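Colleague: Read off the chains here:
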Amino acid sequence: MFRALADPTRRAILDRLRRREHGVGALCEPFAMTQPAISQHLRVLSEAGLVRSRRQGRERIYSISPRPLRQAFDWLAHFESFWTDRLDALGDHLDDDP
Amino acid sequence: MKRDLRLERVYPHPPARVWRALTDRHELSKWLMETDFEPVLGHRFTFRAKPVPGWDGVTYCEVTELEPGRCVAYRWRGGPGPDRPPTLDTLVRFTLEPEGEGTRVILEHRGFSGLRAVLVSVMMRSGWAKMLRTKLPAVLDATR
Chain A
1 MFRALADPTR RAILDRLRRR EHGVGALCEP FAMTQPAISQ HLRVLSEAGL VRSRRQGRER
61 IYSISPRPLR QAFDWLAHFE SFWTDRLDAL GDHLDDDP
Chain B
1 MKRDLRLERV YPHPPARVWR ALTDRHELSK WLMETDFEPV LGHRFTFRAK PVPGWDGVTY
61 CEVTELEPGR CVAYRWRGGP GPDRPPTLDT LVRFTLEPEG EGTRVILEHR GFSGLRAVLV
121 SVMMRSGWAK MLRTKLPAVL DATR
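From first to last, the protein sequence lines are chains A and B.
Under this note's numbering, think of the first position of the first sequence as 1, with each following residue one higher.
Under this note's numbering, think of the first position of the second sequence as 1, with each following residue one higher.
The hints are simulated quantities; they were obtained by calculation from the structure and are not laboratory data.
The reader is advised that the hints may include incorrect statements.
[To be verified] Result set (SDA-like, lysine to any residue): computed pairs, CA atoms no more than 25 Å apart in a straight line: (1) B:LYS50 with A:HIS78; (2) B:LYS50 with A:GLU29; (3) B:LYS30 with A:ALA89; (4) B:LYS50 with B:ARG93; (5) B:LYS50 with A:ARG43; (6) B:LYS30 with B:GLU97; (7) B:LYS30 with B:ASP56; (8) B:LYS30 with B:ARG70; (9) B:LYS30 with A:LEU94; (10) B:LYS50 with A:CYS28; (11) B:LYS50 with B:ARG70; (12) B:LYS50 with A:ASP88; (13) B:LYS30 with A:ALA77; (14) B:LYS30 with B:PRO68; (15) B:LYS30 with B:PRO51; (16) B:LYS30 with B:ARG48; (17) B:LYS50 with A:HIS93; (18) B:LYS30 with A:ASP88; (19) B:LYS50 with B:LEU91; (20) B:LYS50 with A:ARG3; (21) B:LYS30 with A:LEU87; (22) B:LYS30 with A:ASP92; (23) B:LYS30 with B:ARG110; (24) B:LYS50 with A:ASP85.
[What the hints assert, rightly or not] With beta-carbon atoms standing in for the labels, derived distance ranges: (25) B:VAL40 with A:ARG3: 31 to 39 Å; (26) B:ASP4 with A:ASP88: 15 to 23 Å; (27) A:ARG20 with B:GLY57: 31 to 39 Å.
[What the hints assert, rightly or not] To list a few chain B residues with every Cβ distance to chain A over 12 Å, as calculated: (28) LEU41; (29) ARG48; (30) GLU62; (31) ARG70; (32) ARG75; (33) PRO98; (34) LEU107.
Please read all numbers here as calculations on a predicted model, not as lab measurements.
We treat Cβ as the ideally placed atom computed from N, Cα and C, and that holds for glycine.
With the hints as extra help, turn the sequences into a complete structure.
Modeller: This is the structure we're talking about:
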């Protein structure tokens, strides 16, 4: 996700999507970039879970998906589940090899 | 705002056995993550997991506390890579207490309090000031 956020064009795309959803064509307008280039950025954002898309006729409409970002910074929740799993694994390990 | 994590478990195994699982690198590699840990104060080591975007899968650690048979603590740092500022700089401590025939394990993971400052500096450097002003504070507050 941080890799997806590292690129200024992708941050600008997210910033536009923060206000409302857009199709690829509309997203290209403020950037001096071709549609395939913007589509490539959207693919990276989509793989990072930062945007989602839906089909509308022949166009794909993109919108922001805030949940992964929220989760990424929710370290306590992340580590609570990580350590719970690991402590379970420790118990299994001790049982297997007492 | 909750900033520290504390979990407790009781295992039916004696403290000496649990201590070995916590301090032998081969045992640690089996139940926690692949590691080159040594039970030596000041020893620097890593835990290695599968990389994911934004994290190279490596946790950089240093033994900061060692009381054989009872307590081991290490600094626990991670982030996008070795040459980038860490997004996580915390402390993990395991404490063992005898409990009948078995062992109570207390796990503490602390130091999340400084995270806001670290995140803010990282996000600032990445130039995403607008996101920082709008979304990030809400996200951090929601973390309690």
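Colleague: Hint by hint, say whether it matches the structure.
Modeller: How the hints compare with the structure:
1. B:LYS50 with A:HIS78: 16 Å, holds
2. B:LYS50 with A:GLU29: Roughly 38 Å between the alpha carbons, so the hint for LYS50 of chain B and GLU29 of chain A is violated.
3. B:LYS30 with A:ALA89: Given pair LYS30 of chain B, ALA89 of chain A holds - Cα atoms ~9 Å apart, limit 25 Å.
4. B:LYS50 with B:ARG93: Since the Cα atoms of LYS50 of chain B and ARG93 of chain B sit roughly 23 Å apart, the hinted pair holds (cutoff 25 Å).
5. B:LYS50 with A:ARG43: 22 Å, holds
6. B:LYS30 with B:GLU97: Holds - the C-alpha atoms of GLU97 of chain B and LYS30 of chain B are around 23 Å apart, at most 25 Å.
7. B:LYS30 with B:ASP56: Between LYS30 of chain B and ASP56 of chain B the Cα gap is close to 20 Å, so the pair holds against 25 Å.
8. B:LYS30 with B:ARG70: 21 Å, holds
9. B:LYS30 with A:LEU94: 11 Å, holds
10. B:LYS50 with A:CYS28: 35 Å, violated
11. B:LYS50 with B:ARG70: 30 Å, violated
12. B:LYS50 with A:ASP88: Judged against 25 Å, a Cα distance of about 20 Å means the pair holds.
13. B:LYS30 with A:ALA77: 24 Å, holds
14. B:LYS30 with B:PRO68: Satisfied, since the Cα-Cα distance of roughly 21 Å is no more than 25 Å.
15. B:LYS30 with B:PRO51: 18 Å, holds
16. B:LYS30 with B:ARG48: Answer holds: LYS30 of chain B to ARG48 of chain B is near 12 Å, not above 25 Å.
17. B:LYS50 with A:HIS93: 21 Å, holds
18. B:LYS30 with A:ASP88: Since the Cα atoms of LYS30 of chain B and ASP88 of chain A sit roughly 12 Å apart, the hinted pair holds (cutoff 25 Å).
19. B:LYS50 with B:LEU91: Holds, because 21 Å separates the two Cα atoms, which is no more than 25 Å.
20. B:LYS50 with A:ARG3: Holds. LYS50 of chain B to ARG3 of chain A sits at ~16 Å (cutoff 25 Å).
21. B:LYS30 with A:LEU87: Since the Cα atoms of LYS30 of chain B and LEU87 of chain A sit roughly 12 Å apart, the hinted pair holds (cutoff 25 Å).
22. B:LYS30 with A:ASP92: 10 Å, holds
23. B:LYS30 with B:ARG110: The hint holds at about 24 Å.
24. B:LYS50 with A:ASP85: 16 Å, holds
25. B:VAL40 with A:ARG3: 31 to 39 Å: This hint holds: roughly 35 Å between Cβ atoms.
26. B:ASP4 with A:ASP88: 15 to 23 Å: 21 Å, holds
27. A:ARG20 with B:GLY57: 31 to 39 Å: 36 Å, holds
28. LEU41: 23 Å, holds
29. ARG48: Per Cβ check, ARG48 of chain B is outside 12 Å of chain A; nearest 14 Å; holds.
30. GLU62: Answer for GLU62 of chain B: holds, closest chain A Cβ roughly 18 Å.
31. ARG70: 17 Å, holds
32. ARG75: Consistent with the label, ARG75 of chain B stays out of reach of chain A, its closest Cβ about 15 Å off (over 12 Å).
33. PRO98: 15 Å, holds
34. LEU107: About 6 Å separates LEU107 of chain B from the closest Cβ of chain A, which leaves it inside 12 Å; violated.
Consistency with the previously given hints fails for numbers 2, 10, 11, 34, ordered from lowest to highest.
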